[in-house]
Structures are given as structure tokens and as C-alpha cells.
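Chemist: Got chain B; can you put chain F on it based on the hints?
In case you want the letters, here they are:
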Amino acid sequence: MPRSSHASLWNALSAKSDLSDRFVIGAKSRVALGQMMAGSAIDGRGEDLRGRSVLVMTRDQFTAALVLLELDGIARRLILYPPDLPLEYLPFVIKSASVDAIVSDRTDFGPNISGVRYIMPCGHTIMSQSCDRSAQYRTEWILLTSGTLGLPKVVVHTLSSLTAAIERPGAPAGKVVWSTFYDIRRYGGLQIFLRAILTGTSLVLSDAKESIADFLARAGSDGVSHISGTPSHWRRALMSPSVHRIAPENIRLSGEIADQGILNQLRSVYPQSKIVHAFASTEAGVAFEVSDGLAGFPASAIEHTPNVEMKVADGTLRIRSAGTASGYRGDEAPMLKAADGFVDTGDMVEPRGDRYYFVGRRDGLINVGGRKVHPEEVEAVINRHPEVHMSLVRAKKNPVVGAIVVADVVLRTASQADGRDARAVQSDILLFCRQTLSSHKVPAAINFVPALAVAESGKMMRGHA
Amino acid sequence: MTVRSEIVAQFAQVAREHDKALAPLTDDLELLDSGLDSLCFAVVVARLEDLLEVDPFSASEDVLFPVTFGEFVGLYEHAEK
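Just so you know, the sequences run in chain order B and F. Position in the first sequence (from 1) plus 8 gives the number in our numbering. Position in the second sequence (from 1) plus 3 gives the number in our numbering.
The shape of chain B in the complex, shown without the other chains:
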């Protein structure tokens, strides 16, 4: 597999011979790849951002796509603000990534943007004006993922680490049209955006305001041939009669454990498609792909995945490759890699026969439809309730989003765990959670228990999810 040999996304695209009928397609507008190369979504003011640490914070991902292509190679650092990250984390992100410019179509930043020298507007129309590309930066790419107590983790990549797993065929890509249920400002979606740009194919982007039926209809009419999403994205698509509006050659699942159920269901709805589930994370990069239609992965993948070294140590999967992130930024940031360069994914695997299966997270992290929930963050909220002695937040398997959050709670007075008082406390706790936490972090159920197991270390025992 060739590694990234291009200085920037713009260079990768300019090396393509025919881009005339290739587009990035949003819900309301589309732009030709060729036009993106020759134009600007920031009014031709790229020069002002040269060498800067630029936060890209747009309402929709279509505009983000235009800005990223334009500023890779120009900015010293690009930071992608995820669509659902609350504005209250903006000061933290600015500080952690030393942001000195913001490119945005928003104006609602509030008071906390000190240290930022430029606020530059952007839009989804392209002006034909371009930047001098004779000298370019090897731009650092920063992705934000959820951290233990709500603050995001600031993960550092480069274009070459982000694109390490992308194969670039020598021949033209033919009729390939990519799409994804993901947002491109998250690792899983960004992989698809980069894949489309590096291979010079069209890309159909979803829109947060659009129904799943409308998105599938649009993807179908634009001839989508390759499409990716989490198992939960696919479960939601399968609930729509419009699922038959697309006829993809290639279906890709990532971001959550693909169970046998979702693989079987996709196989029966799309009997002609190649169905692949991939293991990847923002920190560890893309590790491997499984295409035999079975859950888990063959033991042989550990030894025989090209360009990626894997091992299982203390029950969790460890990965070392050119695709792993270089580290975390920020004060008191933890180490991302061990001294030997391996990233501990925290995903526990168990061998059964000649395959490995994912059996949960060492740290109890809960994956709700691809969105990560750290149990400690939810426990901290529950424990603030005056009636609560202690709590344990854990995953419960779910047929819609893979797993949901439930809480086991020990009350201060055990006798209150029955009857009306208990129900009042229960709804009180839930109300408390709803006021402070994003909806996917709010427990679906609160169970009152007499006690919780505490290990010798003094830490609560987190069972296998």
C-alpha cells in the first residue's frame, strides 16, 4: 500500500487527470472537485491563514469539506470542531490546540475566544481565487474525541497518518461514488472524505437536518456505490423503506462492534454487496478489515495484516502502524502510545476457535451508536444527588444503538429503595442527568442495588459490557 506521497490534499487532487464529473455533494449544493481546486470558500483570504493554527467550526459538513481542502498545506494546524461538541468547550479547544484563527459560518462564539487573532467567515459558495501553493506546510490535523470527564481529548494526526490505510489505485476510479452516514469531522467520516479526495471520486455527504429517507433517496439518485457508517447508522437505515433506494457495491461498517445480526441483515437486504467491517479508532487509526461476513476477526489478522502490527496484551488489542496518531495535546494529557509505539485500544478481545471476538472495554467506556460515554462522567453527575451513596454506570446491550447506558445506584438509606420515595428519587436523578448531560449519556434505567463491588484497589469493579 503506498503511503501518502502528496504534500497536501490539494496536490493529491491536482495530480488527477480528469475531475470534470466528480463532485462533493451536499443536501442543498454541490461543487465540482476541479472547481474546489481553483477556488476559495473563504473569499480568497487563505494567505492570511498561512502558518496559523486554524479551528474549522462550521454549521454543516459540506462547508467544512471545502475549507479543509483549501487550507491543508496552507495552515500549520487544522482543528476540526465536531458537530455536536457544545460551545462551552471552545475555550478549552482554543487553549489546547493553540488556536489563533477560526474559520466559521457562525458568529455565536460567546465571550471566550481570547487569543484568537482572526475570525474568518466562510460559506458554501466557491469564489474563483486560489492560494500560492509553491511552499506548503505539512499541516497537523487535530481531531477531538470524548474524554473521561466531559472535556474532549485532543488527538494529533498528519495527512500521512490519516491516510495510511487508503489504497490508491493506479487506474481511474471508474464509477465509484462514496458516501457516509458519518460526519466528516469525526475520524470515521474523515476517512471517507480523504478517500474520495485521494482517489478523485465523488462524495455524497449527509445533512444533519435531513431525514434518513431523504438522504437515502439522494444517495441513490447520485449513484452511490460505496457507503460507510456505524452498525447503528445501518440499523436506522434498515428501519426505512427507502433502504432499497441505494444499491451499493460496497458497504462498510466501523466505529462500533459489528455483531452477526447486523451483518446478516445487511446481507439479506443487499445480497450483491461486498460487506466489510473495519476496526479503527481516532487514536489507533485503521487497523484491519473483515470481509468474510462474520462477526469478530480471524486470528490470522493479528499476524498478517499488511503495514499494521497488532498484539493482544493483558486481554486488550494493541496496534502500531503508520496510521496511529502521534499523541494528545494539552496540559496533563495522557500518553497515547506505550514506549514501544503500540496504542492500547482498550478493547478487550477473547479468542474462540480461530477467531477473536470483542467482549467490551477495559475502562467500561460505553459505545452508544458510535458515540462514546465515559461512565465516570455520568457517575459524577448521579453522585451529586444528596440521596445517592454511590453509583456504577455500565453498558446494556441494545438492538437499536448497540449499547445504552444504565446505572446501578446505592442510596444512602437502604430502606428507601422501595416504594414511592424510591420512584421519586429515580425521576429526580434522571431529571438531574438530563439537565447536565447530552441525551445519549443519560441512563435509560436507574436500578437501586444494596451494594456495589469494590476491588482491593478501592476502585469499583467494572464488568464486561
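No lab work stands behind these hints: they were computed from the structure. Be aware that a few hints might be false.
[Unchecked claim] Distance windows between CB atoms, simulated:
#	chain 1	residue 1	chain 2	residue 2	range
1	B	F117	F	E74	41 to 47 Å
2	F	Q16	B	P359	39 to 45 Å
3	F	D30	B	Q443	32 to 38 Å
4	B	L157	F	E83	39 to 45 Å
5	B	D322	F	D30	47 to 53 Å
6	B	P342	F	D65	40 to 46 Å
7	F	D30	B	V277	21 to 27 Å
8	B	D222	F	R19	22 to 28 Å
9	F	R19	B	Y365	35 to 41 Å
The structure displayed is predicted, hence computed values, not measured ones. Cβ coordinates follow ideal geometry from the N, Cα and C atoms, glycine included.
Modeler: Chain F only, in chain B's frame:
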């Protein structure tokens, strides 16, 4: 309470908790048009498992999530404890 009325009650409850406007729950209503999102359905299914003591989705790996409200109710009415 019948299975159906329990399901209707849970749809209403979860819609309230998640601040969603719930469409009238007729049998031919497509679930994706009900006003609830994936997370809401996830919570409904988890609550129904506790209340009705059945999880129709665990019976087989190949149970497809229903498309309409009527199919959803049917799945629970015919589920074995």
C-alpha cells in the same frame, strides 16, 4: 395493561423525556416518522424489556427492527417470555 397500551405509554413517556413531538400512533405509521430518533427507540426497547420481561430482539440474530408501529406492537405481542 395490555402489551399495546404499555408500548403506547412508553412511546409517550420517552417522547416527553427527550422533548420530541410524537405523531399519532397508528399501525401503519412508519417508526422513523413517529418523531422519535434512534436513541429514543433504544430507550423504549430497554424499558419494555424491564416492564414486559421480553426482548423480542434477542430471540434470533436475524430479527429485523420493524418498520411500522403495527409491526413493532406485533413483535412484542407474539414474543415468547
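Chemist: Which of the listed hints are broken here?
Modeler: As far as the earlier hints go, not one is violated by this structure.
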